[in-house]
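Student: Each chain, letter by letter, is given below.
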Amino acid sequence: MKFKSVFDIIGPVMIGPSSSHTAGAARIGKVARSLFGRQPKWITISFYGSFANTYKGHGTDVAIIGGILDFDTFDERIKSALGIAHQLGINVSFREEDAVTDHPNTARVKIGDDAGELELVGISIGGGKIEITELNGFELKLSGNHPAILIAHNDKFGAIASVSNLLAKHQINIGHMEVSRKERGKLALMTIEVDQNIDQSVLDDLSLLPNILQVTKIVD
Amino acid sequence: MFRNVAELVQLAENKNIKIAQVMIEQEMEVKEKTREEVLSLMGQNLDVMERAVEKGLAGVHSFSGLTGGDAVLLQKYIQKGQFLTGEIILDAVSKAVATNEVNAAMGTICATPTAGSAGVVPGTLFALKNKLNPSREQMIEFLFTAGAFGFVVANNASISGAAGGCQAEVGSASGMAAAAIVEMAGGTPKQSSEAMAITLKNMLGLVCDPVAGLVEVPCVKRNAMGASNAMIAADMALAGITSRIPCDEVIDAMYKIGQNMPTALKETAQGGLAATPTGKELQEKIFGVSLNKNN
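Protein chains in written order, with the working numbering: chain A, 1 to 220; chain B, 1 to 295.
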């Protein structure tokens, strides 16, 4: 069953006009913001496919910037997100790409400041539901509908087991999990969707495990 | 967890409860929430719908200039008393249009099941409010009943125009509304499923052909027809009329039709009304370029 909640059908509450082009875009932006963990100084958005063709009419541009400013799909400030970003001194630019992607509604978000950068690719699959398909060069699959954590770790034996053991100890059930790495034995990424919300104390415990480099909660 | 309409109706009949109650209980189980929490969340959606209707009836216009103001025209027309159909049906239509005009104007709405089809369910609900005087809890139940049928469509077919054409969006919304209207008017769970089937049958094959790719033309007026279709089918089901093709088979037929539809007719703005001379002209006027580079 793709849809599990009645609120996937009656909802989300959102700023119009399009659940896939507006609400979905805002959610992609918000995931980028959560992962980056702070307000960026610059934002570069590349739109592909249908996003590239109709983003102005659908407010996809303001929605995705709104998301990066940490606004929800229903936040009235979404409409003025470009102006707000400008006032905050954030440098925003958009690119309309010709490249054909796997999904017609695709956006690549690059954000950063003096301390670091983040790049992700999100697709909007309908009714406001999204998936994150790439993060900092790692391929991944993340629905954005369940509480989720990302764990950067060294590709060493026991790293995954220690994380799942700790989650089990806190009675947190894993609904979906993926592991990807660029090269054997080097930097790797665990993407974990869970059924229960995760307290900060659990995140702190996770980050103390051996070979764990960074722990980020990305969806509440 | 119910997988199709037959199981949904069976669950309601066996326990002698409303479809709404079946959906509420399932949501409580899936999300591990109390009944109060689940009702409260839906209540928030109801509030958003009510504010959107009010805003649309006060008059809004989209940035593209393609839509707006029609809900107001309809309300004025109703007030003159010279209408040909009926007051409730026109009220439902005006409130469906109002919601979608707000959506097109970047106002706040509740996607039901999508943003482009968000007018049908609240349009019919708020028109019935004047006729049936439901309690707030009954209005919230209306949304759970609509949601239960939408849940079946989403899991067995599609509620996305890009995946299944407009039959999947405004068609689903219309069937969901018809089923909920029947329940609010005192019909049986079986009659709700008949109303859903009758409605959806009349929406089969509906293409998604948004002019300039925007959720405005023909979407806003299709919400009007979706609302009136739902009202008629609900009355038919309440009169005892049944669908010769069972509801689940209609949903399955819709899914297969959607798969067979060419992509030009599935939210790409490359076919149907979007590809008419005027459609293309409007597209160039709004975006300064034609999206149909090959046409």
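Treat the hints as calculated values from the structure; they're not laboratory data.
Hints are not guaranteed to be accurate.
Only pairs whose alpha carbons sit at most 30 Å apart, straight line, appear in this in silico DSSO-like list of lysine-lysine [stated by the list, open to error]:
#1 A:Lys217 x A:Lys110
#2 B:Lys129 x A:Lys217
#3 A:Lys41 x A:Lys141
#4 B:Lys80 x B:Lys131
#5 A:Lys186 x A:Lys169
#6 B:Lys18 x A:Lys169
#7 B:Lys80 x A:Lys169
#8 B:Lys15 x B:Lys80
#9 B:Lys55 x A:Lys79
#10 A:Lys2 x B:Lys285
#11 B:Lys33 x A:Lys2
#12 B:Lys31 x A:Lys2
#13 A:Lys2 x B:Lys131
#14 A:Lys4 x B:Lys131
#15 A:Lys217 x A:Lys169
#16 B:Lys221 x A:Lys141
#17 A:Lys2 x B:Lys18
#18 B:Lys131 x A:Lys79
#19 B:Lys15 x A:Lys4
#20 B:Lys280 x A:Lys4
#21 A:Lys169 x B:Lys131
#22 A:Lys4 x A:Lys41
#23 A:Lys182 x A:Lys110
#24 A:Lys2 x B:Lys55
#25 B:Lys190 x A:Lys56
#26 A:Lys56 x B:Lys15
#27 A:Lys56 x B:Lys131
#28 A:Lys56 x B:Lys80
#29 B:Lys285 x A:Lys4
#30 B:Lys285 x A:Lys141
#31 B:Lys80 x A:Lys4
Student: Each hint should be assessed against the structure and marked as holding or not.
Tutor: Okay, the hints, checked on the actual structure:
1. A:Lys217 x A:Lys110: 19 Å, holds
2. B:Lys129 x A:Lys217: 43 Å, violated
3. A:Lys41 x A:Lys141: 27 Å, holds
4. B:Lys80 x B:Lys131: Status holds; Cα separation ~19 Å.
5. A:Lys186 x A:Lys169: Since the Cα atoms of Lys186 of chain A and Lys169 of chain A sit roughly 28 Å apart, the hinted pair holds (cutoff 30 Å).
6. B:Lys18 x A:Lys169: 40 Å, violated
7. B:Lys80 x A:Lys169: Violated, at roughly 69 Å.
8. B:Lys15 x B:Lys80: 47 Å, violated
9. B:Lys55 x A:Lys79: Since the Cα atoms of Lys55 of chain B and Lys79 of chain A sit roughly 17 Å apart, the hinted pair holds (cutoff 30 Å).
10. A:Lys2 x B:Lys285: Roughly 39 Å separates the two Cα atoms, so the pair is violated.
11. B:Lys33 x A:Lys2: Roughly 20 Å separates the two Cα atoms, so the pair holds.
12. B:Lys31 x A:Lys2: 15 Å, holds
13. A:Lys2 x B:Lys131: 37 Å, violated
14. A:Lys4 x B:Lys131: 33 Å, violated
15. A:Lys217 x A:Lys169: Given pair Lys217 of chain A, Lys169 of chain A holds - Cα atoms ~18 Å apart, limit 30 Å.
16. B:Lys221 x A:Lys141: 37 Å, violated
17. A:Lys2 x B:Lys18: 24 Å, holds
18. B:Lys131 x A:Lys79: 36 Å, violated
19. B:Lys15 x A:Lys4: 22 Å, holds
20. B:Lys280 x A:Lys4: 39 Å, violated
21. A:Lys169 x B:Lys131: Roughly 55 Å between the alpha carbons, so the hint for Lys169 of chain A and Lys131 of chain B is violated.
22. A:Lys4 x A:Lys41: At roughly 38 Å apart (the allowed maximum being 30 Å), Lys41 of chain A and Lys4 of chain A break the hint.
23. A:Lys182 x A:Lys110: Roughly 19 Å between the alpha carbons, so the hint for Lys182 of chain A and Lys110 of chain A holds.
24. A:Lys2 x B:Lys55: Answer violated: Lys2 of chain A to Lys55 of chain B is near 33 Å, above 30 Å.
25. B:Lys190 x A:Lys56: Given pair Lys190 of chain B, Lys56 of chain A is violated - Cα atoms ~45 Å apart, limit 30 Å.
26. A:Lys56 x B:Lys15: Distance ~50 Å between Lys56 of chain A and Lys15 of chain B Cα, so the pair is violated.
27. A:Lys56 x B:Lys131: Violated - the C-alpha atoms of Lys131 of chain B and Lys56 of chain A are around 41 Å apart, more than 30 Å.
28. A:Lys56 x B:Lys80: Not satisfied, since the Cα-Cα distance of roughly 39 Å exceeds 30 Å.
29. B:Lys285 x A:Lys4: 41 Å, violated
30. B:Lys285 x A:Lys141: 38 Å, violated
31. B:Lys80 x A:Lys4: 46 Å, violated
Consistency with the previously given hints fails for numbers 2, 6, 7, 8, 10, 13, 14, 16, 18, 20, 21, 22, 24, 25, 26, 27, 28, 29, 30 and 31, ordered from lowest to highest.
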